Structures are given as C-alpha cells and as structure tokens.
Amino acid sequence: GAGVSQSPSNKVTEKGKDVELRCDPISGHTALYWYRQSLGQGLEFLIYFQGNSAPDKSGLPSDRFSAERTGGSVSTLTIQRTQQEDSAVYLCASSAMGTSTDTQYFGPGTRLTVL
Amino acid sequence: DAKTTQPNSMESNEEEPVHLPCNHSTISGTDYIHWYRQLPSQGPEYVIHGLTSNVNNRMASLAIAEDRKSSTLILHRATLRDAAVYYCIPQGAGNNRKLIWGLGTSLAVNP
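These protein sequence lines are chains W and Y, in that order. Residue numbers for the first sequence follow this note's numbering, beginning at 1 and rising by one. Residue numbers for the second sequence follow this note's numbering, beginning at 1001 and rising by one.
Worth flagging that the hints you see were computed from the coordinates, not collected in a lab. Check before you lean on any hint, since a few could be wrong.
[Stated by the list, open to error] Stretch-level coverage of chain Y by chain W, calculated; a stretch enters the list once three of its residues show a Cβ under 8 angstroms from a Cβ in chain W:
| id | region |
| --- | --- |
| 1 | 1032-1046 |
| 2 | 1058-1067 |
| 3 | 1100-1109 |
[Claimed, not checked] Below, computed lysine to any residue pairings styled on SDA-like, alpha-carbon distance capped at 25 angstroms:
| id | chain 1 | residue 1 | chain 2 | residue 2 |
| --- | --- | --- | --- | --- |
| 4 | Y | Lys-1003 | W | Lys-17 |
| 5 | Y | Lys-1069 | W | Gly-42 |
| 6 | W | Lys-57 | Y | Ser-1028 |
| 7 | W | Lys-17 | W | Ser-5 |
All values derive from a computational prediction rather than experimental measurement. Quick reminder that beta carbons are idealized off the backbone N, C-alpha and C, glycines included.
The shape of chain Y in the complex, shown without the other chains (with noise of 0.2 angstroms):
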C-alpha cells in the first residue's frame, strides 16, 4: 500500500497562493494521486486527481513530479473557507482498494 508524507501543518494568509506538498514515494504506476480536505465536522470532500500531468480545476492546481513520487496542491487564493486538512490519497482500482489516509495538513488562513 502506498503511504504518503504531509507536514502536519501549514499558514497562510488571506488572497495569498498556498502550497500543500506530498509524498507519495512508493506510488504505484496505476494509481491516481487524489486530494481531498476535510473541514471542521464535516466529512472529506474531493478537490482534485491526476496521473502524471499537472491538473486545474476550479478549486485547486495539482503539479505532480515528473517521477510522481511527489505532488502538489495549489490553492491560488487562499480564502477563510479552505481552512480545512487536506489529504493527498494515492488510489487505485479493483483490489488495491484498502486506501491509506494519512493525518493530512492541517491548514489554517490568517484574515
């Protein structure tokens, strides 16, 4: 199972670009890299997945190594509402379906 390595947490400030990186070393070549955040009592929802090339979407960027060993999350503007843990999640299909969730990075925005 592939395990993944987050700092346990970040700052940022309001309207400033946020950087969540990951580790995800032992990756398999089939795994999607996914991100999820979790926020204060409530349960994790999506953000964002890739494979090898760096993904947008309207919540987040997603830059994955050219090695996929690591990744990245960018919020481009962080607002109060992103205070959450974000969890980056390699997934596979079929049988490698026992997920590892991490503790994740617990993110705080500063007004």
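Okay, chain W solo, but in the shape it has when bound (with noise of 0.2 angstroms):
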C-alpha cells in the first residue's frame, strides 16, 4: 500500500506568512508523529497524535505552532507568523498502534524555507 506522503514537497514563504503541511499518514495507523530538521542537525520532536488520546505537545517550540489530526487520519502543521529560524524540513512519520515495539514510517518531508 501507499506509504506517508507530504504535501508540499518544497515551500517558499515570507516572514510573518502563516503556512500549512499536510501529512496523509499510513491507512490504519493510529500513531502520527511531526518533527522537523534543521540542516545538519537530528531530529526535533513536534508533536504527537494516538487514537482519540490528547496529542502530546511538548515538543512545540511556540504558541505559533498548531497541530491537528482529523477522524484520525490526515494531520496538519500550522505555522503561524513564520520566522526565518522555522526554515526546517518537516516530517511527518508514522506507526502502527504507538507501542513501543512500533515502526515509525516516514514521509519525505516538507522543505519549508522562510525569506
């Protein structure tokens, strides 16, 4: 079947635009994770979404940062009033029922460069 997908691949915004991702998780999944990556640098957790549970925020680096899952498939990163530090690849992943024994599946990413 089809694995994680983004969209969009690639953009290109001003500062102060707000900015939507979208990640269409595996068919099935329960668990939705973002996380974004700087140029050289691992990966920052965001955000996580598991069945009808609260998500876990505490990885959001500022209230400019919101997330939503809907009927628990497709999510969405919003970034509010973006600033030039938020230029990042942002990747969305994920996994069967969010045990610990899960594979996490990753998408390509979102380039989000911010002029």
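With the hints as a guide, dock the two chains, each given alone in a separate frame, to form the complex.
This is the structure we're talking about:
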C-alpha cells in the first residue's frame, strides 16, 4: 500500500506569513508524529497523536505552532507568523499503534524556507 | 527521557563489516532500542529494534549489552548504499513518546 505522504514537498514563504503542511499517514495507523530537522541536525520532536487521546504537544517550540489530526487520519501542521528560524525540513511519521515495538514510517518531508 | 551518545562519524570500506555503537545508559527498563537510518535527502527508515536479546534481520544485526546501557548495530558487509546517518532511539509506549533523536553517526563507505 501507499506510504506516508506529505505536501507540499517544498514551500517558500515570506517572514510573517502563515503556512500549512499536510501529512497523510499510512491507512489504519493510529499514531502520527511531526518532527523538524534543521540543516545538519538530528530530528526534533514536535507533536504526537495517538488515536483519540489528547496529543502530546510538548515539543512544539512556540504558540505559533499548532497541529490537528482530523478523523484520526490526515494531519495538518500550521505555523503562524513564520520566522526565518522556522526554516527546516518538516517530517511526518506514522506507526500502527504507538507501542514500544512500533516501527515509524516516515514521509519524504516538506522543506520550508522562510525568506 | 533517555539520552543517547553516538560517534559523529565513521568510515568503512565496501564489503567490510561495520560496527556502529550507541550508549544509552539512562534507558528505561521497558524501552526498546530502535535503529533508523537516513539516506541523503530522505526521511529516516527503520533498520532494526530489540529489547534484551540480540536480533538479526535482512538489513543488519543488533547486539545489546547485558546491562542494556549500550548497543551495537552491525552491518555485515557494507555497500555504497549503506552510506547514511544512523540513529539509535530508545522507544517506549504510551505517555513516554517524546522521542529524543540525537545527531546520529554519519557513515561513509569507501569503494
């Protein structure tokens, strides 16, 4: 079946604009993660959704960042009033159940550039 | 949150074995040790995971220390396609989901 998809693949925006990044997880996966990766850095956890539970938002860097997951499937990460330091690759991953043995399947990422 | 320590970079020759170490001395007793790798310009991909016993799959082997404070990913015969950044991640379940990804080990494979 299809893997995790993300759109757009690239996004260039001006400082101060809002952006929305989309993630389509693997069908049936209950767990969904957002990460960001700055150039030459490791992955930085942002937010985690598991089924109908309240999401773990502990990694969101500021209140300009928010995410939602509709119907337990598609997720949207929104960044308001973008800043240059928001420039990074935003990666989405999904896993079947969010257990300790789960494999995370990653999308190709969205490269965000804030001018 | 469990923290990991890996060498920044390693180098290998094609067709030779590679041993990639990871220290995770603060790992919780119920955390599994997962390894992922990230090829250039791609999202990470799963390699292998284990809890206490050594594990083998078609991609690699995972050797876990008896005290679980360290593990070693073994690529038996490195190929050029194995050049990537390798991450070890202690992974729990439930509320323990703030996964900490370090900088990983950048593996270069020489022809």
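Note to self: Hints numbered earlier in the text: which of these fail when held up against the supplied structure?
What the structure shows: Going through the list in order, the structure violates hints 2 and 4 and respects the others.
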